[in-house]
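Novice: Here's the letter readout for the chains.
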Amino acid sequence: MARNETDLSTRPSVAVHTPGVTASGVGTDSASVMQLRDVSVYYGNYEAVRGTSMPIQQNQVTAMIGPSGCGKSTVLRALNRMNDPIPGARVSGEVLFHGQDLYAKDVDPIQVRRQIGMVFQKPNPFPKSIYDNVAYGLRINGIKGRLDDHVEEALTKAALWDEVKDKLRKSALALSGGQQQRLCIARTIAVKPQVILMDEPCSALDPIATAKIEDLMFELTNDYTIVIVTHNMQQAARVSHYTAFFTAEVDDQQVRHGRLVEFSQTGKLFTNPADKRTEDYITGRFG
Amino acid sequence: MTATASPATRSAAGAPDLTRAALSGRRRFTNHLATAAIWLAVLLAVVPLALVIYEVVAKGGGVMNMSFLTEDIPNSYRRDGGGMAPAIVGTLLITGAAALMAIPLGVFGAIYLNEYGKQRPLARVIRLMADVMTGVPSIVMGLFIYISWVLLVGQQTGFAGALALACLMLPVVIRSSEEMLRLVPDELRQASMALGARKWKTTLTVVLPAAISGITSGSLLAVARAAGETAPIIIVTGIVFSPNVNLFDGFNTALPAQIFRNASQPFEAAQDRAWGAALTLIVIVLGFTIIARLISSRFAIKER
Numbered sequence: 001m002a003r004n005e006t007d008l009s010t011r012p013s014v015a016v017h018t019p020g021v022t023a024s025g026v027g028t029d030s031a032s033v034m035q036l037r038d039v040s041v042y043y044g045n046y047e048a049v050r051g052t053s054m055p056i057q058q059n060q061v062t063a064m065i066g067p068s069g070c071g072k073s074t075v076l077r078a079l080n081r082m083n084d085p086i087p088g089a090r091v092s093g094e095v096l097f098h099g100q101d102l103y104a105k106d107v108d109p110i111q112v113r114r115q116i117g118m119v120f121q122k123p124n125p126f127p128k129s130i131y132d133n134v135a136y137g138l139r140i141n142g143i144k145g146r147l148d149d150h151v152e153e154a155l156t157k158a159a160l161w162d163e164v165k166d167k168l169r170k171s172a173l174a175l176s177g178g179q180q181q182r183l184c185i186a187r188t189i190a191v192k193p194q195v196i197l198m199d200e201p202c203s204a205l206d207p208i209a210t211a212k213i214e215d216l217m218f219e220l221t222n223d224y225t226i227v228i229v230t231h232n233m234q235q236a237a238r239v240s241h242y243t244a245f246f247t248a249e250v251d252d253q254q255v256r257h258g259r260l261v262e263f264s265q266t267g268k269l270f271t272n273p274a275d276k277r278t279e280d281y282i283t284g285r286f287g
Numbered sequence: 001m002t003a004t005a006s007p008a009t010r011s012a013a014g015a016p017d018l019t020r021a022a023l024s025g026r027r028r029f030t031n032h033l034a035t036a037a038i039w040l041a042v043l044l045a046v047v048p049l050a051l052v053i054y055e056v057v058a059k060g061g062g063v064m065n066m067s068f069l070t071e072d073i074p075n076s077y078r079r080d081g082g083g084m085a086p087a088i089v090g091t092l093l094i095t096g097a098a099a100l101m102a103i104p105l106g107v108f109g110a111i112y113l114n115e116y117g118k119q120r121p122l123a124r125v126i127r128l129m130a131d132v133m134t135g136v137p138s139i140v141m142g143l144f145i146y147i148s149w150v151l152l153v154g155q156q157t158g159f160a161g162a163l164a165l166a167c168l169m170l171p172v173v174i175r176s177s178e179e180m181l182r183l184v185p186d187e188l189r190q191a192s193m194a195l196g197a198r199k200w201k202t203t204l205t206v207v208l209p210a211a212i213s214g215i216t217s218g219s220l221l222a223v224a225r226a227a228g229e230t231a232p233i234i235i236v237t238g239i240v241f242s243p244n245v246n247l248f249d250g251f252n253t254a255l256p257a258q259i260f261r262n263a264s265q266p267f268e269a270a271q272d273r274a275w276g277a278a279l280t281l282i283v284i285v286l287g288f289t290i291i292a293r294l295i296s297s298r299f300a301i302k303e304r
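Here the protein sequences line up with chains A and B, keeping their order.
One point on numbering: in my numbering, the residue at position 168 of the first sequence is 168, and numbering is uninterrupted.
One point on numbering: in my numbering, the residue at position 115 of the second sequence is 115, and numbering is uninterrupted.
Take these hints with a grain of salt, some might be off.
What the hints assert, rightly or not - Quick list of the computed label-pair ranges, beta carbon to beta carbon:
#, chain 1, residue 1, chain 2, residue 2, range
1, B, Leu294, A, Asp148, 27 to 37 Å
2, A, Lys167, B, Lys118, 30 to 40 Å
3, A, Pro87, B, Asp17, 50 to 60 Å
4, B, Ala34, A, Phe218, 54 to 64 Å
5, B, Gln119, A, Ile208, 39 to 49 Å
6, B, Asp17, A, Ala211, 43 to 53 Å
7, A, Arg37, B, Lys118, 27 to 37 Å
8, B, Leu122, A, Asp149, 41 to 51 Å
Unchecked claim - Chain B regions said to be covered by chain A (calculated; three or more residues, Cβ under 8 Å):
#, segment
9, 190-196
10, 200-211
Said to hold, decoys possible - No more than 27 Å apart at the CA atoms, straight line, and that leaves these computed lysine-lysine pairs for DSSO-like:
#, chain 1, residue 1, chain 2, residue 2
11, A, Lys144, B, Lys201
12, B, Lys201, A, Lys128
13, A, Lys128, B, Lys199
14, A, Lys122, B, Lys199
15, A, Lys122, B, Lys201
16, B, Lys199, A, Lys144
17, A, Lys128, A, Lys157
Calculated from the structure, these hints are not laboratory results.
All C-beta atoms in this analysis are idealised placements derived from N, C-alpha and C, irrespective of residue type, glycine included.
Pulled out of the complex, with its shape left as it was, chain A reads as follows:
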């Protein structure tokens, strides 16, 4: 098994990686870039999400859907250790990235996040110029010279270049919400992560901006693997190849836990769900 293709340990390393060429012999599934094995997320003593196991397929869009409070965002944030700074948050089970457990002792969360980027629900550009927003990740990762080319490439990939090429030095905060979100995507892909996590990236946007982002996600799968959390089932059906349905369940002690109910190809999950709860949710009988 070709483990440790990407070195995430605390040793400084330049992880050179070409997306799309690592499909051979990684993990259990030849096409999966990440693998969740019995992942539970705790906040203090409270088990927010219980026992989640699912793969994240390379160069595909994986959607996580489910009612509010079912833990889908929590699971998403566990994929690049964004829960780390929350006091009392911890993860059990294994989150494998190219077969390497992201929560192993010598793994550096900074290195993890350089490989697994994130786009947030609310567009959150830095209060800097458009150029500096995109260049920020490049600068902190020590990429020098030819910054202009990298910035143009990232903005082009995020389908924003034509709209902003004449005002790169203007404040990013002057952009519209949809433009800001695409800027945040450009900022994320500028550092060339392998996986992009999106936490309800369109929930603050109007339908036209949403359509642009959805088109963009489709384009991005050429180079990147995308995991998206969405409240919008139509969106999951439109953009994703695989869908995970989560729900919240009350256990014997009357405590609510998030649980993964069903994971399968999106077409199958929406037309022929295996689980009754999935069917109830997608047909609107529940949630």
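Assemble the complex: chain A is given as a structure, and chain B must be docked to it using the hints.
Specialist: Same frame as chain A, now just chain B:
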């Protein structure tokens, strides 16, 4: 009331009257009262301010000229003429040195409190101590520096004054900077973190620039307050009649101390010098403000 409202009150099929005249008398009265109260408050706040500036300019402007700014202080209060050069030099150097010590330390302290310490016991203790320190009278701070520094080195110096002023500025800088850092949205920290930035990098390149204009304002308030402090200067710096640019050797003086000494004399020449010194001090503080605004606007992004 049901759908059968009388045509007199709801004419033309339920179109409500949107004019002010439709408001009840009590609501109109309350509205006018609130407006009047706000204007009164503005006047009350502005009048003393304008009077102070008028008095200082009127009385201090008379003695203001080039020689006032450049000549030595006469060593007899009775004598006419002379200037405030030693006090101007002293104020600039002592306040500047105090700012150089207190602002970086205070900002770093605030970064620790808001970004690292948060609600940890140590952070809470520091926060409490800073609050207590804000309330310490400046004369007590002067005596503290006298005991812990002046007696140690055996000499009153400008640097002792700078130490005292820095101690007065520090808690103000810490608390105001912490408030400004708290206003920086957490989303920005998360965005930076998700790009693989380490915490110190995020703090330095995202959080601090976002808060810099507020931090500058807060620090400036502390500088302005320190520039006007009299008691610690009198206690720990001694007095000189010709400029001393060495903060570490020899006595020094500052404008507030000169205002105090000259204004309490029965001689008109001394009182004129006090007014002139007051005007000079106000102009210097104004200068600090403008410089600080220029610096913070260099950090801020342009909204062109």
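Novice: With reference to the structure, classify each hint as holding or not holding.
Specialist: Okay, the hints, checked on the actual structure:
| no. | hint | verdict |
| --- | --- | --- |
| 1 | Leu294(B) to Asp148(A): 27 to 37 Å | 29 Å, holds |
| 2 | Lys167(A) to Lys118(B): 30 to 40 Å | 38 Å, holds |
| 3 | Pro87(A) to Asp17(B): 50 to 60 Å | 56 Å, holds |
| 4 | Ala34(B) to Phe218(A): 54 to 64 Å | 56 Å, holds |
| 5 | Gln119(B) to Ile208(A): 39 to 49 Å | 43 Å, holds |
| 6 | Asp17(B) to Ala211(A): 43 to 53 Å | 44 Å, holds |
| 7 | Arg37(A) to Lys118(B): 27 to 37 Å | 33 Å, holds |
| 8 | Leu122(B) to Asp149(A): 41 to 51 Å | 46 Å, holds |
| 9 | 190-196 | holds (count 7) |
| 10 | 200-211 | holds (count 5) |
| 11 | Lys144(A) to Lys201(B) | 17 Å, holds |
| 12 | Lys201(B) to Lys128(A) | 15 Å, holds |
| 13 | Lys128(A) to Lys199(B) | 19 Å, holds |
| 14 | Lys122(A) to Lys199(B) | 21 Å, holds |
| 15 | Lys122(A) to Lys201(B) | 22 Å, holds |
| 16 | Lys199(B) to Lys144(A) | 21 Å, holds |
| 17 | Lys128(A) to Lys157(A) | 21 Å, holds |
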